[in-house]
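J.: Below are the chains, spelled out letter by letter.
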Amino acid sequence: GAGVSQSPSNKVTEKGKDVELRCDPISGHTALYWYRQRLGQGLEFLIYFQGNSAPDKSGLPSDRFSAERTGESVSTLTIQRTQQEDSAVYLCASSTGTSLQETQYFGPGTRLLVL
Amino acid sequence: RKEVEQDPGPFNVPEGATVAFNCTYSNSASQSFFWYRQDCRKEPKLLMSVYSSGNEDGRFTAQLNRASQYISLLIRDSKLSDSATYLCVVKTSGTYKYIFGTGTRLKVLA
Numbered sequence: 005g006a007g008v009s010q011s012p013s014n015k016v017t018e019k020g021k022d023v024e025l026r027c028d029p030i031s032g033h034t035a036l037y038w039y040r041q042r043l044g045q046g047l048e049f050l051i052y053f054q055g056n057s058a059p060d061k062s063g064l065p066s067d068r069f070s071a072e073r074t075g076e077s078v079s080t081l082t083i084q085r086t087q088q089e090d091s092a093v094y095l096c097a098s099s100t101g102t103s104l105q106e107t108q109y110f111g112p113g114t115r116l117l118v119l
Numbered sequence: 020r021k022e023v024e025q026d027p028g029p030f031n032v033p034e035g036a037t038v039a040f041n042c043t044y045s046n047s048a049s050q051s052f053f054w055y056r057q058d059c060r061k062e063p064k065l066l067m068s069v070y071s072s073g074n075e076d077g078r079f080t081a082q083l084n085r086a087s088q089y090i091s092l093l094i095r096d097s098k099l100s101d102s103a104t105y106l107c108v109v110k111t112s113g114t115y116k117y118i119f120g121t122g123t124r125l126k127v128l129a
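From first to last, the protein sequence lines stand for chains A and B.
The opening residue of the first sequence carries number 5 in the numbering used here; numbering runs sequentially from there.
The opening residue of the second sequence carries number 20 in the numbering used here; numbering runs sequentially from there.
It should be emphasised that the hints constitute simulated quantities derived from the structure, not laboratory data.
Any given hint might turn out to be false.
[Said to hold, decoys possible] As a list, the in silico EDC-like pairs of lysine to aspartate or glutamate whose alpha-carbon atoms are at most 16 Å apart:
id, chain 1, residue 1, chain 2, residue 2
1, B, LYS64, B, GLU22
2, B, LYS116, A, ASP60
3, B, LYS110, A, GLU24
4, B, LYS21, A, GLU106
5, B, LYS64, A, GLU72
6, B, LYS110, A, GLU89
7, A, LYS15, A, ASP60
8, B, LYS116, A, ASP22
9, B, LYS126, B, GLU24
10, A, LYS61, A, GLU48
11, B, LYS110, B, GLU34
12, B, LYS116, A, GLU89
13, B, LYS110, A, GLU72
14, B, LYS98, B, ASP26
15, B, LYS126, B, ASP26
16, A, LYS21, A, ASP60
17, B, LYS126, B, GLU22
18, B, LYS98, B, ASP76
19, A, LYS61, A, GLU72
20, B, LYS116, B, ASP26
21, B, LYS64, B, GLU34
22, B, LYS61, B, GLU22
23, B, LYS110, B, ASP26
24, B, LYS21, B, ASP76
[Stated by the list, open to error] Pulled a few chain B residues facing chain A out of the computed Cβ check, cut under 10 Å:
id, residue
25, ASN31
26, THR43
27, LYS126
28, VAL127
29, LEU128
The C-beta atom is built at its ideal place from N, Cα and C for all residues, glycine as well.
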C-alpha cells in the first residue's frame, strides 16, 4: 500500500518568507510526527499528533513554527519568516498509535533551503 | 547529557567483518528500543526492535542492558550494502515520543 508522502520534495525560499510543508500519513495511522534533520545531524523531534488529542508541541523551536492536522489525515508544518538556520530536511512519520513497540514509517522528507 | 548517545564513527570495516555499535540512554524510564537504518539522503527505516531478552534477525543481533542503560547492535559478515548510518531510538514509558540518537556511520569496504 501507499507509504507516507511529503510535498514538496525540495523547497528553496528567501529569508523572511513563509513556507508550508505537507505530510500525508499512511491511511489509518492515528499518530503523526514531524522531525527536523540538519545536515550531518540526528533527528530533532518537533511535534506529535495522536488522534483527536491535543498535540505535543514541546519540540517546536520557536513561535515561527506551527503545525496542524485535519482529523487523522493530512498535516501541514508552517514556518513563518524563515531564517537560514531553518535549512534542513523536514521528515514526517506516522504509526498506528496503538502500541509502545510500534514501528514509525517515515516519508521521504522535504529539503528546505533558506537563502 | 543527551538522552540518547551514540559514537558517530565512522566505522570503516572490511567485507565479512563483524562490527558492533553501542548506544547509551539516560532515562531509566525508557521502555521501548529500536535500531533504524538511514542511507545517505534517505529517510530512516526500521532495522529491528530491541527486546529485553535480545533478538536476532539474520546477520543482525540486538541486545538490551537495562542495568547499564545501553543497547547494542552486532552485524556479522558485513556486506557492502550494510554501509549506512545506524540510529538508536528510545521511547519512554507513558509517551509516544521517540528520541533519536545522532547515529553511527558504518562504511563497509571491498
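J.: Run every hint past the structure and note whether it holds.
T.: Here is how each hint holds up against the structure:
1. At most 16 Å may separate the alpha-carbon atoms for a hinted pair to count; B/LYS64 and B/GLU22 exceed this at roughly 21 Å.
2. A distance of roughly 9 Å separates the Cα atoms of B/LYS116 and A/ASP60; the hinted pair therefore holds under the 16 Å criterion.
3. Between B/LYS110 and A/GLU24 the CA atoms are separated by roughly 28 Å; this puts the pair beyond 16 Å, and the hint is violated.
4. Taking the CA atoms of B/LYS21 and A/GLU106, the gap is near 23 Å; set against the 16 Å cutoff, the hint is violated.
5. For the proposed pair B/LYS64 and A/GLU72, the alpha carbon gap of about 25 Å is over 16 Å, so the pair is violated.
6. A hinted pair counts as satisfied when its Cα atoms are at most 16 Å apart, and B/LYS110 with A/GLU89 does not qualify at roughly 28 Å.
7. With a C-alpha separation of about 26 Å, the suggested pairing of A/LYS15 with A/ASP60 is violated against the 16 Å cut-off.
8. For the given pair, B/LYS116 sits about 27 Å from A/ASP22 by alpha-carbon distance, which is inconsistent with the 16 Å threshold.
9. Only pairs whose Cα atoms come within 16 Å are accepted, and B/LYS126 paired with B/GLU24 is rejected, the gap being roughly 20 Å.
10. For the hint linking A/LYS61 to A/GLU48, the alpha-carbon distance of about 12 Å falls within 16 Å, and the restraint holds.
11. Between the alpha carbons of B/LYS110 and B/GLU34 the distance comes to roughly 33 Å, so the proposed pair goes past 16 Å and is violated.
12. Simply put, B/LYS116 and A/GLU89 have alpha-carbon atoms about 24 Å apart, too far for the 16 Å limit, and the pair is violated.
13. Distance restraint check for B/LYS110 and A/GLU72: the Cα-Cα separation of roughly 23 Å exceeds the 16 Å cut-off, and the hinted pair is therefore not satisfied.
14. About 21 Å separates the Cα atoms of B/LYS98 and B/ASP26, which puts this hinted pair outside 16 Å; it is violated.
15. Simply put, B/LYS126 and B/ASP26 have alpha-carbon atoms about 14 Å apart, close enough for the 16 Å limit, and the pair holds.
16. Of the supplied pair hints, the one linking A/LYS21 and A/ASP60 is violated, its CA atoms being roughly 26 Å apart against a limit of 16 Å.
17. Pair hint B/LYS126 plus B/GLU22 does not hold up; C-alpha atoms about 26 Å apart against a cutoff of 16 Å.
18. Taken as a hint, the B/LYS98 and B/ASP76 pair is honoured in the structure, with Cα atoms around 15 Å apart against an allowance of 16 Å.
19. Between A/LYS61 and A/GLU72 the CA atoms are separated by roughly 11 Å; this keeps the pair inside 16 Å, and the hint holds.
20. Taking the CA atoms of B/LYS116 and B/ASP26, the gap is near 22 Å; set against the 16 Å cutoff, the hint is violated.
21. Annotation: proposed proximity of B/LYS64 to B/GLU34 is violated, straight-line Cα distance about 22 Å (limit 16 Å).
22. Straight-line distance between C-alpha atoms of B/LYS61 and B/GLU22 comes to about 24 Å, which puts the hinted pair past the 16 Å bound.
23. Proximity of B/LYS110 to B/ASP26 is assessed by CA-CA distance (about 19 Å); at most 16 Å being required, the pair is judged violated.
24. For a cut-off of 16 Å, the pair hint linking B/LYS21 to B/ASP76 is broken: about 29 Å separates their Cα positions.
25. For B/ASN31, the interface hint is violated, the least distance from its beta-carbon to any beta-carbon of chain A being 17 Å, above 10 Å.
26. Proximity of B/THR43 to chain A is violated relative to the hint, the smallest CB-CB distance being about 14 Å (cut-off 10 Å).
27. Here the hint on B/LYS126 is broken, as its CB sits about 15 Å from the closest CB of chain A, past 10 Å.
28. Using the Cβ-Cβ criterion of 10 Å, the hint placing B/VAL127 at the interface with chain A is not satisfied: the shortest such distance is roughly 20 Å.
29. Checking B/LEU128 against chain A by beta carbon gives a least distance of about 21 Å; that is not within 10 Å, so the hint is violated.
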